[in-house]
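Okay, here's what each chain looks like letter by letter:
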Amino acid sequence: MDVKEILANLSEGTGISGYEHGLADYLEQHCPWADEIRQDKLGNLIMVQRARNAAEQPYRPKVMLAAHMDEIGLIITKIDDEGFLRFSTVGGIDQRVLLAQEVIVHGKTDLPGVIGAEPPHVQDPNERSEAVPMDELYIDVGYDSKEQLAELVRVGDLATINRKVVHLGGSLMAGKAMDDRAGVAVMLECLKALATMNHIADVYAVATVQEEVGYRGAITSAFGIVPDIGIALDVGHGDMPGVPEYLTINLGNGPGIALGPHVHPSLHKRLVQTAKEWNISYSLEPATRPSGTDAYAIQITQAGIPTALLSIPLRYMHTPVETLNWDDVRKTARLLAQFIAELDQEFVEGLKCF
Amino acid sequence: MLLKRLSEACGGPGQEGEVRDLIRSEVKDLVDQATTDALGNLITVKNGTKAGPKVMIAAHMDEVALMIMSIEKSGLLKFHPIGGIDPRVLVAKTVVVGKNRVPGVIGSKPIHLQRPEERRKALGVEELYIDIGAAKKEEAERLVNIGDLAYFTTEFATIGPDKFKGKALDDRVGCAMLIDVLRDNYQIPVYGAFTVQEEVGLRGAGTAAYQIQPDLALVLEGTTAADVPETPKHKHATTVGKGPCLTVMDSSVIPDPRLVAKLMQLAHKHNIPVQYRRNTAGGTDAGKIQQTGTGIPVAVIALPCRYIHSPVAIGSQTDYDNAVKLVKVFLRSLEEEGGDQ
Amino acid sequence: MKSLIKDLVESWGPTGFETEVTEKIRAYIADRVDECTVDALGNLIAHKKGSGKKVMFSAHMDEIGIVVTYIDDDGFLRFSNVGGLNVLTMLGGRVRFANGTIGVIGREKGDLKDLTIDKMFIDIGAANKEEAEQKVSVGDFAICHREFADLGQRLVAKSMDDRIGCAVLVEAIRRLDHSDNDLYFVFSTQEEVGLRGARTAAYGIDPDLGIAIDVTRTGDTPEAPRMDVSLGKGAAIKVKDASVIAHPKVKQLMVRLAKANRIKHQLEVLEAGGTDAGAIHLTKSGVPSGTISIPCRYVHSPSEMVDLGDVENCVELVLAICRDPLAEF
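Quick note, the sequences are listed as chains B, E and R, same order.
Quick note: the first sequence uses this note's numbering, first residue 1, plus one each step.
Quick note: the second sequence uses this note's numbering, first residue 1, plus one each step.
Quick note: the third sequence uses this note's numbering, first residue 1, plus one each step.
Don't take each hint at face value.
Claimed, not checked - So the derived list for chain B, only partly shown, Cβ under 10 Å to chain E, looks like this:
hint : residue
1    : Ala174
2    : Val263
3    : Tyr296
4    : Ile300
5    : Pro306
6    : Thr307
Stated by the list, open to error - List time: in silico BS3-like cross-link candidates among lysine-lysine, alpha-carbon distance up to 30 Å:
hint : chain 1 : residue 1 : chain 2 : residue 2
7    : B       : Lys269    : E       : Lys136
8    : B       : Lys78     : R       : Lys264
9    : B       : Lys78     : B       : Lys108
10   : R       : Lys109    : E       : Lys233
11   : E       : Lys54     : E       : Lys78
12   : B       : Lys276    : E       : Lys136
13   : R       : Lys109    : B       : Lys108
14   : R       : Lys54     : R       : Lys259
These are calculated hints, taken from the structure and not from any lab test.
We treat Cβ as the ideally placed atom computed from N, Cα and C, and that holds for glycine.
Put together the whole structure using the sequences plus the hints.
Take a look at the structure:
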């Protein structure tokens, strides 16, 4: 399966924060490059690939990769008497992108639905220029009463946007949940490459849960692994109109290599060096605050972990048409694999010396 | 003077190197061991002769600064504050950028070219630039890098009969106090933890506490004093000159009431002026330390400083001396009484 | 149970100063459990030993309140909030300090729309600063002063959040005859300022399963913000709030036990707000957790209202969990 197919399957899979088992099952079946696959108590999927051809020396640094498999979505808060479903969000969603979207309500079975609101024809002109607030939206699943839905949908059931990937010009692809299925795809591609390379590191590729509601999976999975190095793979804001250039990374230019307090300076330096050495294009991604990614959680686990972050450029983040360049996914995976393959004891142990 | 050297050293969140090296050279003959961890915390220990109680004293090395986010075609640098800085204090200040301390200025439109109503609106970070005198991007790129930090250039000096002024008093005063405390010898084990990245979310303190696993902890800080004109009396968080402050509650922690009461009692016994911090906003390393593992009793002793998180802050030498005295007196009392808590 | 509830809600225990409540609860349960300890953050941990699964229940003892930041020359006190306070429910209300001093909350002139805590003050009836300082000091904490009211099926008091949760656990301990599981009943501290007590208690216990018992809002009053929880509809099984997404297995467990034991129950999604489960589930390498919620009207006001039937349902659900082999954890 090539990168495009993997990305499509991952994007179209269902796994809202807290309920990621669908994605976990898919990964378990589609990752032949792990020596061991296990799930921890919160559902993080840990795929372990041990050192390859590491000769006699016993030193085995633990490298933890983290890409979150959860996506943002909707949660049913109330079923009203006429059979319309009221909802809230799981993770941050700009409610303006929800109007007129098609959804799948994951009740006892999957029900197709539409997000509706009051039609513009019956609104005042000034109402029409205002965004529809979240609590005036609802999901219409085509049933006429609460009673009809009684066996099918309950408060707390989840709904995802109904979206198949769209292949755009160039190497661009759009779909839902590219944040962070793109990161998961990078991990798989990286493990595939590393399987035939020599490396002394034991690689723990973790498809984390619940990142979108507070990097919760990363907190507990990092505690369980206690790696020597932690690298988060997430998406970064891609170039688009209306956003100052210096706050974005260009699609097609490879991964963003993050720098700032959340990234260990030696890891950043080494990643940049590796990219230059192997002619992998990249952008710099400076940030003043520890980022809103799994890296934030991993860095302060137990006695502290040297952490880095690679970002796949993504336009329209947290909308159902997240757009990326699938070649960036390949480039990111390549950079990551080379970086891991080139790790040596001196470098890893030196990370604690300041 | 130690506080002068610490105040003028440059070290922002994630790039505390210069400060760490300075502190390391200051304490190497005072402590039994000094190590760093994966985040760059500098953890020192004086073993003492008794097994306990183990005390951790923390002060953070990082100061608020500006991070270079991009180098424009024009050679001007765009930046974002790292740690909380009110953008209104940035206009018309001088800075130094990066490892090589390249001088720069944060400029603004001359008054001659402005309309009166423009001057009523504060300039936001997006409208400010650092000018290092480069004519174009390539020239600037030879001198500075994206991700470099820019620092204020304030010279430390004494002012008035008892006060001093300088940048980064939050928390170089804490670092200086901790070093002065480490000059004495104690029977109980004392861990001096010089932490990192406090200003961007109390990042270093928890990992340091996790390694040390103390029985109790003190955090030494520089805190806001709003005892200035235009601020009504009841909003003065602390008062410069009235002694070190004890925190009753802030946004990150409710310090252990038993520790706070003990510190109060010791202050009165030894005639050390002391005040309560009369404001509950703002967080400190204490929040993270208290919540580490199965919980650590913690208290905060802070030096009142005016104009904190700006290019120049003001504190009192007497307050400083009294704060150091209070910490030492507290450690002695622990030696005598053990950690009954 | 009414007298137990009254005793707990009328106690004095603002965030950070829960000892009065700790001692009261300890007196109720000490002879019914194997061990009662208080940890570094003041959590009361009652342990009923067993060889089965390790379960941690948590209800918080602390209530929201205020802290004095300044005493002016005329004897008025300025204050800050401890936990989430609503300025409108405080106006004209009274506070009580540890030593029994009562104060009235007043405000400066100005539009009610712009009212913030720093425009308010407390009047303890002192003529000047010296008189005031004889009764209170800067740094003193106080709680809402309001008595318990028995409306029959429904009860009203301040600090139902979360003394009602504490009452549920105390009652469960009193009624529990036997369980194979290793049970920890934690009466936690400092929940209202960030789930602090539960975090450290859970770290020490590291349970197989974590269950918080706390109040939740309802959507059953006139023009209420939309919410599907109502007084009288039974124990609320929390699906999600801002601090935790209940582990699906925990949610399923509670629904299964409620149905099997014919316990009236409802499902709850709370848009904002959190409970101790938020801290427990992120302990070490993770703990499957959930929350049993007591539906409550007027949360964080001096007149929080609960339904005795719902409270009883919660007690029964706690007991059902204690008795279950919990094989899936």
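Tell me if the straight-line CA distance from Lys54/R to Lys259/R falls inside 30 Å. With a Cα-Cα distance of about 23 Å, the restraint between Lys54/R and Lys259/R holds, given a limit of 30 Å.
Should the interface hint for Ile300/B be scored as holding, given a Cβ-Cβ cut-off of 10 Å against chain E?
At 6 Å from the nearest chain E Cβ, Ile300/B passes the 10 Å test, so the hint holds.
Q.
Between the alpha carbons of Lys276/B and Lys136/E, is the straight-line distance 30 Å or under?
A. holds, 25 Å
Holds or violated: Lys78/B with Lys264/R, Cα cutoff 30 Å? holds, 18 Å
Exercise. Per the CB criterion, is Tyr296/B less than 10 Å away from chain E?
Worked result: holds, 8 Å
(Q) Lys109/R and Lys233/E were given as a pair; does the straight-line alpha-carbon distance stay at or below 30 Å? (A) Holds - the C-alpha atoms of Lys233/E and Lys109/R are around 18 Å apart, at most 30 Å.
message = Hint validation: Thr307/B versus chain E, beta carbon distance must be below 10 Å. Holds or violated?
response = OK, holds: Thr307/B within 10 Å of chain E, min 8 Å.
Straight-line alpha-carbon gap Lys54/E to Lys78/E, limit 30 Å:
violated, 46 Å
(message) A closest beta-carbon separation below 10 Å is what the hint needs, so does Val263/B meet it against chain E?
(response) holds, 8 Å
Report task. For the pair we were handed, Lys78/B and Lys108/B, check the Cα-Cα distance against 30 Å. Result -> holds, 16 Å
Going by Cβ atoms only, is Pro306/B closer than 10 Å to chain E?
holds, 5 Å
Report task. For the pair we were handed, Lys269/B and Lys136/E, check the Cα-Cα distance against 30 Å. Result -> Satisfied, since the Cα-Cα distance of roughly 26 Å is no more than 30 Å.
Comparing the model with each numbered hint stated earlier shows that hints 1, 11, 13 do not hold.
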